[in-house]
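There are 2 protein chains.
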Amino acid sequence: MCSTISKRMLGLTQKNSAVREMFEEGNRLAKLYGRENVYDFSIGNPYFPAPERVSSAIHEVLENEAVNYVHGYMPNAGFPDVRQAVAESLNKRFETSYSSANVIMTVGAAGGLNCALQTLLDPDDEVICFAPFFLEYGNYIANHGGRLVIVPAGASDFQPDAEALRKAISPKTKALIINSPNNPTGVIYSEETIKKLAAVLEEKQREYSHPIFIISDEPYRELSYDGAVVPWLPSFYRNTIVGYSWSKSLSLPGERIGYLLIPSEVEDFELVFSAASISNRILGFVNAPSLIQLAVAKCLDERTDIASYDTNRKLLYNGLTALGFDCVYPQGTFYLWMKTPCDDKEFAQLAKKYNILVVPGASFACPGYVRIAYCVGSDTIRGSLPGFEKLAKELGL
Amino acid sequence: MCSTISKRMLGLTQKNSAVREMFEEGNRLAKLYGRENVYDFSIGNPYFPAPERVSSAIHEVLENEAVNYVHGYMPNAGFPDVRQAVAESLNKRFETSYSSANVIMTVGAAGGLNCALQTLLDPDDEVICFAPFFLEYGNYIANHGGRLVIVPAGASDFQPDAEALRKAISPKTKALIINSPNNPTGVIYSEETIKKLAAVLEEKQREYSHPIFIISDEPYRELSYDGAVVPWLPSFYRNTIVGYSWSKSLSLPGERIGYLLIPSEVEDFELVFSAASISNRILGFVNAPSLIQLAVAKCLDERTDIASYDTNRKLLYNGLTALGFDCVYPQGTFYLWMKTPCDDKEFAQLAKKYNILVVPGASFACPGYVRIAYCVGSDTIRGSLPGFEKLAKELGL
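Residue numbers (the working numbering), protein chains in the order written: chain A, 1 to 397; chain B, 1 to 397.
Just chain A, same shape as in the assembly (with noise of 0.2 angstroms):
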């Protein structure tokens, strides 16, 4: 037994290893076939670079603003003129009348998270997940004390389904995640499905009086096709703290660059707001990076190439389906869904004699699908297909 490291941590140190041989198993297929010979669609990293308005905005804002200004300490919560002009181009969006006051700038959507779980949990208190959901979610809870609750998939459209949700509710229930458009499934949660998960929300707050929060994780708000409108939560639950982050919509994954939206019309507004300043603070993130901060703020109408995306969409989707697969269609994100033949360990371990990586449905919560992540090159996704052909072949579709 170490005695070195948190009983906690000595387990994610075991599990971790997983991730790991994914990512060195794409390393090791790479120098035996050449990196152009594997097909990896194990990470969900954005393929098609920052708009070059991005760079544009770093070079302008260490031009025309004070050193000392630019890289220095501002509000826990972010610089006032980042955050109101984030309250209104969501403004102009939603009909909705932020403002700067209801923003705090985070070291990304999994940093606001990490505040909103910390400003909501004491220990024990329960966090509710349908599944399949970002695994991730978990360790973010347990950092607070909470308690993971997973609602398991219901139909096969992956939309939540409120009456297990209802069930899943209990005295302990402090919050619940929503990530729409969904990862891994790519669905976009109907408008339907939220007012129904609502009503029940509401019914449950009723019955224990005491509020119960959607957390809604919206990396992926601006990965949607075909002019598909992904629901704002907040106008439909009054409860709802938004986390964003511009990691997918400007392909800035390295900088750690999010906001918390909290509205004012949640239970506690001034106390809720608070604590998740300050927790920006006490858990070290202090705030968010300061020179992107005011980059981003120049970039807020910019988006990545969703049209690429698009393309590979349908690419990755009519290719799987024409084999014989059963995809759910993606109708945001960057990733499809798609169910197995056999074992999804199996499918994913059989798929990397053809140099295809996918990442099992067991790694969030779902087994018998895989996620195939299409942020990658068009030639890539061509590629796999006639690897994919003889999985199918292989497997007897």
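I should point out that these hints are in silico values taken from the structure, not numbers from a laboratory.
It is possible that some hints are incorrect.
With the Cβ distance kept under 7 angstroms, some of the chain B side facing chain A (calculated, not the full set) [as the list claims (entries may be wrong)]:
#1 D122
#2 L252
#3 G324
#4 V328
According to the in silico footprint, chain A covers these stretches of chain B (three or more CB under 8 angstroms from chain A) [stated by the list, open to error]:
#5 44-57
#6 269-280
For clarity, every value in this text was computed on a predicted model and none was experimentally measured.
Ideal placement from N, C-alpha and C gives every residue a C-beta, glycine not left out.
Knowing the structure of chain A, use the given hints to seat chain B on it.
Just chain B, lined up with the frame of chain A:
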């Protein structure tokens, strides 16, 4: 009783108002008397701007590197090249043999400290701090379920007392936070002090058969005066983790960029390093901001304007001692630690009459003193001295 936010955060929202009050008091006085007539010594915010090299390094990175590399994901521990550059710059200074494998780039020192603490602490493990100390450490420790144990200040030179340390160590002691050059005292812990502390720790490690770590928080390492040498702790004690930040040395506090240095010699090195990298990920940092990682790697030999801080130091120390105040001569940082002839909170209150803002020692777990942050323009120091003179008379010095 509020049931919206957690009990811990509710307590912190109430405490936080003390800091906010000081900030608002500064603004109130500035409105009444003009900003230039307010002598605000309350905040440790670098006054001298980042060296010009920082800005040119950022431009260089943007111009010469691929966009997806600059703003993209990298290993959670940071860009391998950046980590190698940091390791080599330490090797040059301290005759060590670190490599990228010993460095984790972090979101400032605050981010790094949180990762180190999460790595080490099981619930109710104890972490020792020597008073006076930066109270935020208490929040960081509590984030990870640890308990803060305070060793009171001993002798008037504010060097920690090894015998007091021995008494404070229990079987639950997992770590000790050391901060030298010290905020708030400006003292550099001497080699003699470090050796004595190390001897006690070695003895207690043997007694309890488990490692006790020093976490060395070193944001002020580069801010030392008169050629004073800040001992490199890992050379004196094997189980040392160093947390660094460029917030003060390059005046980049808003950018949140620092590192953890974990020597290969620490017990269970691979586990500790792996856990700290995972902690960087799961706490929501994910990685240190990417562009600024690449930029600081080009600025490892740059320094802020230490000569000007030194001018301030002498001006303030000489001015105050001439008035009869009892001050600790600062060897490093940009803080002066002054004994108060009356209660420290009362002194801070009295000082406001003369538009002087200082922080009571109680805010560092050490009443009877105040911290005067001289990271200000020299004019602020000169302008404040008549007010300090009136204070001295009022208090019978």
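Results of checking the hints against the structure:
1. Of the supplied interface hints, the one on D122 of chain B holds, with its beta-carbon coming within about 5 angstroms of a beta-carbon of chain A, less than 7 angstroms.
2. A least Cβ separation of about 5 angstroms between L252 of chain B and chain A falls short of the 7 angstroms threshold, and the interface hint therefore holds.
3. Interface hint at G324 of chain B: violated, since its Cβ lies 34 angstroms from the closest Cβ of chain A, which is beyond the 7 angstroms cut-off.
4. Hint on V328 of chain B is violated. Least Cβ distance to chain A is approximately 25 angstroms, over the 7 angstroms limit.
5. Beta-carbon proximity to chain A at under 8 angstroms applies to 7 residues in the stretch 44-57 of chain B; the threshold of 3 is reached and the given coverage holds.
6. Proximity of the stretch 269-280 of chain B to chain A, defined as three or more residues with a beta carbon under 8 angstroms from a beta carbon of that chain, is established by the 6 residues found.
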